[in-house]
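Each chain is listed here by its residues.
2 protein chains.
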Amino acid sequence: MDVTRFETHPSRYKHWKLATAGETATLTMAVDGDHPHKPGYELKLNSYDLSVDIELADAIQRLRFEHPEVKALTITADLDRVFCSGANIYMLGLSTHSFKVNFCKFTNETRLYLEDAGANSGLGTLCACKGTTAGGGYELALACDEVMLVDDGNSAVSFPETPLLAVLPGTGGLTRLVDKRKVRRDRADVFCTTAEGIKGKRAKEWGLVDHVVSRSSWDKTLGERAQALAAKQTVTRGPAFVLPALEPKLTSTSIEYRYVKLTVNAGDRTANLMIEGPEWAEEPEKVAAAGTEPWALRAFRELDDALLHLRFDLPDIGMVTVRTQGAPGLVKQCDELLAKSTTGFAREVRLLQRRVLKRFDNTARSFYAVADDPKSCFEGVLLELALAADRFYMLIDGDAKIGVATSIANAGFMTMSSGLSRLEARFYGEPDRVPKILLPCRLKRPRSSAWRRSRPMTSTSRTSCGSPSRNAPRCRRMR
Amino acid sequence: MDVTRFETHPSRYKHWKLATAGETATLTMAVDGDHPHKPGYELKLNSYDLSVDIELADAIQRLRFEHPEVKALTITADLDRVFCSGANIYMLGLSTHSFKVNFCKFTNETRLYLEDAGANSGLGTLCACKGTTAGGGYELALACDEVMLVDDGNSAVSFPETPLLAVLPGTGGLTRLVDKRKVRRDRADVFCTTAEGIKGKRAKEWGLVDHVVSRSSWDKTLGERAQALAAKQTVTRGPAFVLPALEPKLTSTSIEYRYVKLTVNAGDRTANLMIEGPEWAEEPEKVAAAGTEPWALRAFRELDDALLHLRFDLPDIGMVTVRTQGAPGLVKQCDELLAKSTTGFAREVRLLQRRVLKRFDNTARSFYAVADDPKSCFEGVLLELALAADRFYMLIDGDAKIGVATSIANAGFMTMSSGLSRLEARFYGEPDRVPKILLPCRLKRPRSSAWRRSRPMTSTSRTSCGSPSRNAPRCRRMR
Chain A
35 MDVTRFETHP SRYKHWKLAT AGETATLTMA VDGDHPHKPG YELKLNSYDL SVDIELADAI
95 QRLRFEHPEV KALTITADLD RVFCSGANIY MLGLSTHSFK VNFCKFTNET RLYLEDAGAN
155 SGLGTLCACK GTTAGGGYEL ALACDEVMLV DDGNSAVSFP ETPLLAVLPG TGGLTRLVDK
215 RKVRRDRADV FCTTAEGIKG KRAKEWGLVD HVVSRSSWDK TLGERAQALA AKQTVTRGPA
275 FVLPALEPKL TSTSIEYRYV KLTVNAGDRT ANLMIEGPEW AEEPEKVAAA GTEPWALRAF
335 RELDDALLHL RFDLPDIGMV TVRTQGAPGL VKQCDELLAK STTGFAREVR LLQRRVLKRF
395 DNTARSFYAV ADDPKSCFEG VLLELALAAD RFYMLIDGDA KIGVATSIAN AGFMTMSSGL
455 SRLEARFYGE PDRVPKILLP CRLKRPRSSA WRRSRPMTST SRTSCGSPSR NAPRCRRMR
Chain B
35 MDVTRFETHP SRYKHWKLAT AGETATLTMA VDGDHPHKPG YELKLNSYDL SVDIELADAI
95 QRLRFEHPEV KALTITADLD RVFCSGANIY MLGLSTHSFK VNFCKFTNET RLYLEDAGAN
155 SGLGTLCACK GTTAGGGYEL ALACDEVMLV DDGNSAVSFP ETPLLAVLPG TGGLTRLVDK
215 RKVRRDRADV FCTTAEGIKG KRAKEWGLVD HVVSRSSWDK TLGERAQALA AKQTVTRGPA
275 FVLPALEPKL TSTSIEYRYV KLTVNAGDRT ANLMIEGPEW AEEPEKVAAA GTEPWALRAF
335 RELDDALLHL RFDLPDIGMV TVRTQGAPGL VKQCDELLAK STTGFAREVR LLQRRVLKRF
395 DNTARSFYAV ADDPKSCFEG VLLELALAAD RFYMLIDGDA KIGVATSIAN AGFMTMSSGL
455 SRLEARFYGE PDRVPKILLP CRLKRPRSSA WRRSRPMTST SRTSCGSPSR NAPRCRRMR
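Those sequence lines, one after another, are chains A and B. Read left to right, the first sequence gives residues 35 to 513 (the numbering used here). Read left to right, the second sequence gives residues 35 to 513 (the numbering used here).
A portion of the hints provided could be inaccurate.
Intra- or inter-copy, both count: the list cannot distinguish identical chains.
With a straight-line Cα cutoff of 25 Å, these simulated PhoX-like cross-link-like pairs (lysine-lysine) come out [what the hints assert, rightly or not]:
#, residue 1, residue 2
1, K409, K51
2, K470, K238
3, K470, K214
4, K48, K78
5, K409, K134
6, K254, K78
7, K216, K470
8, K139, K392
9, K392, K214
10, K320, K51
11, K48, K374
12, K48, K238
13, K238, K409
14, K320, K72
15, K470, K320
16, K435, K51
No wet-lab data here; the hints were simulated from the structure.
Okay, chain A solo, but in the shape it has when bound (with noise of 0.2 Å):
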């Protein structure tokens, strides 16, 4: 299978420079204009392609796991005058509207990822535009925390799409404007139609930037902003865990990981995808700290890279399978020992689940969730899989085998883009039973009649509470 690599580390980058100091780290847009991430144009002035944005992305998350000391992080470019004049429109002239789609999405994670880790990683941001800052250079530096723009009489933020292009910002631009900067909304109609932008005094009395600042003393103040910003936060990092390569294996029809594996059917357009549960009930900080990547963090890392395959080298799959399997009882115990820990590392590898579930949801093809054995194991963070695929299918089995179980995964935590959990979405019409459900969670207790009538899924007698190995340890209820 030809597949894109998703894959990359800093000492591969050719677009970005990461460079760490105590607790600050910047990341210098130098985009390579001879590396495209397809031949047939040119990176000229720091625009940008899919091969831009996936080292871009392997940085953010490379920082949250592997330097909990950082908790500022600069974003800035090597040119003199321009900071980032946005996706590259040789490169989205010679695209597929399936490949156009699925760039803007993966450029609109990444950077909801940035704003992820400034909300709840300690990791702020702060966007340095020494120069023009256009289009998705300007939708960068809007997902920052702040936002800092050159005072010399020339450098201007602007949304030329529309004026230049007759296309809307593709990144998230005009929400982030009006919803998180709130900008007045006929300022923002003056702006994203004005194709030379908005530049200095003006672009901080609209809000369209939180800093201008002259060249004589853009040095120090980026400086000032960047440790003003570090001393802001307040969350827990740590302990520091390096992230293993995926190196999946790849056949004619598979791509095969650790505990992931996409076979695809190109024949009938679909593919199945199977997701192995963990081998043992770990406690993650003592697998990490014996330089092993737990199960969480691990099989979740692997969906992504594989969703992601599934977006852009497999077109044309447009019904997907999704079965589990492992042994009972150990999803949800890992779930249990992940939640309990209040260390930065566990708490990132819960952010990363969600993040991972958030992407699966948004990933436009029909997704069937399978327990047609009896070594499925929906359960907990993997039962979100079920719950967030359009459907959930269940073979009902003569000795009654095949269950789900919920865990304190499934009590709120992991929420959707709608801010609901998808326990909540599921029953939206039914809120009642939401806490009925996750009941075995919060109370060890025998399997009862009013647990029967409450599972969601009804052709299983074994449930959380039904085998002794799932005998649920007390829970909190998140939220």
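On the provided structure of chain A, position chain B as indicated by the hints.
Just chain B now, kept in the frame of chain A:
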């Protein structure tokens, strides 16, 4: 100008029969296949086109104003095995993209008006589907308070759009299914991919309909449900007011009503919309009781009609300037008198103003409000037009006679589709300014520096407190 006729009257209906009987009314769909909106297709099996929906919109409007005694409306059909087979696909096949967008927008607005009547006007609605209810036919049913489906082993509700035509239901069907009726998402997925739809007990169990009724007990149940729906209504209605015809004067470049004039400049793809303010401070019931249509109703019905012409008949007009003209203070006084009235008629007028303003919000043209004349009167409910426009420009006049003023109409009742008032939307990033801007509406006070600081527009010194005729009566904040 060759224009669509949006005005009609029950005496001229070709596709519906409206009958009232005490507290209940029945609107029977009996589409005349030989009278499509445009030649080229036949309206078989109660399929509909714009003509059919224009009559439906007229019927709902007249029930609200002319028949305050009616508390429950039954929508049904005169065919034995078909309720409605949805929008006519041959008509859609012959239509331009622009027409299809505006057709779907109009049909959805009509359905929103049905829901508005149920929620705010004490007019409950029951859809009686005694046969096939497909596509837009089921979308119409979903807009009613209750849906009753015949249980004859054959009649189903369905969304065949996706499996048969590979398009999505175009009039809010999936949204109403999931967000309004709270049908479980996986069931909605099965439903909208099953061409033949779902019938009988399963339709009720899945929440697709409220009642499943046999043919033998159909008429009896229908009568009982309509009576029960009428008995639930508690909102004050009336007095009745018969809506006079608008009958605008058409020239080659304009549509002219009593208070509204739309003037087109086809060459540069622009138009100007002029709205004149009231001639005196009307007490709406007194004016209506004398057989005259109050300005508050007439001007907004005219504006509504003009917006529909703009959408359907003037697709090439990209830019519309919006101006107002009138004596200062009168709009504000009319707003106050209308808000003070506790009759159902006054409430209907305000609800109509709100609907028209939403139609203005959702008319996809660039609107620029312009106050360039001392006679302009962007006050109260007319200020909403300036707030709804993409931009609002005001002339810096030497003698500072051009100004704006708030009234109780800006204080929260005139919500946008988002649920925010237009002042709340404009000052989304500065919510504290909204009560300050509304202050002159609440308190009688001389012009002060505090008020000058809080004005939304910057080039005027005439405010709602600025001239003696504008001294504001005391008024309640409405939310």
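Here's how the hints hold up against the structure:
no. : hint        : result
1   : K409 / K51  : neither (46 Å within a copy, 61 Å between copies)
2   : K470 / K238 : between (50 Å within a copy, 24 Å between copies)
3   : K470 / K214 : between (36 Å within a copy, 23 Å between copies)
4   : K48 / K78   : within (14 Å within a copy, 63 Å between copies)
5   : K409 / K134 : neither (39 Å within a copy, 51 Å between copies)
6   : K254 / K78  : neither (29 Å within a copy, 75 Å between copies)
7   : K216 / K470 : between (39 Å within a copy, 19 Å between copies)
8   : K139 / K392 : within (12 Å within a copy, 31 Å between copies)
9   : K392 / K214 : both (20 Å within a copy, 24 Å between copies)
10  : K320 / K51  : neither (32 Å within a copy, 75 Å between copies)
11  : K48 / K374  : neither (40 Å within a copy, 69 Å between copies)
12  : K48 / K238  : neither (33 Å within a copy, 59 Å between copies)
13  : K238 / K409 : neither (59 Å within a copy, 35 Å between copies)
14  : K320 / K72  : neither (42 Å within a copy, 74 Å between copies)
15  : K470 / K320 : neither (33 Å within a copy, 58 Å between copies)
16  : K435 / K51  : neither (53 Å within a copy, 59 Å between copies)
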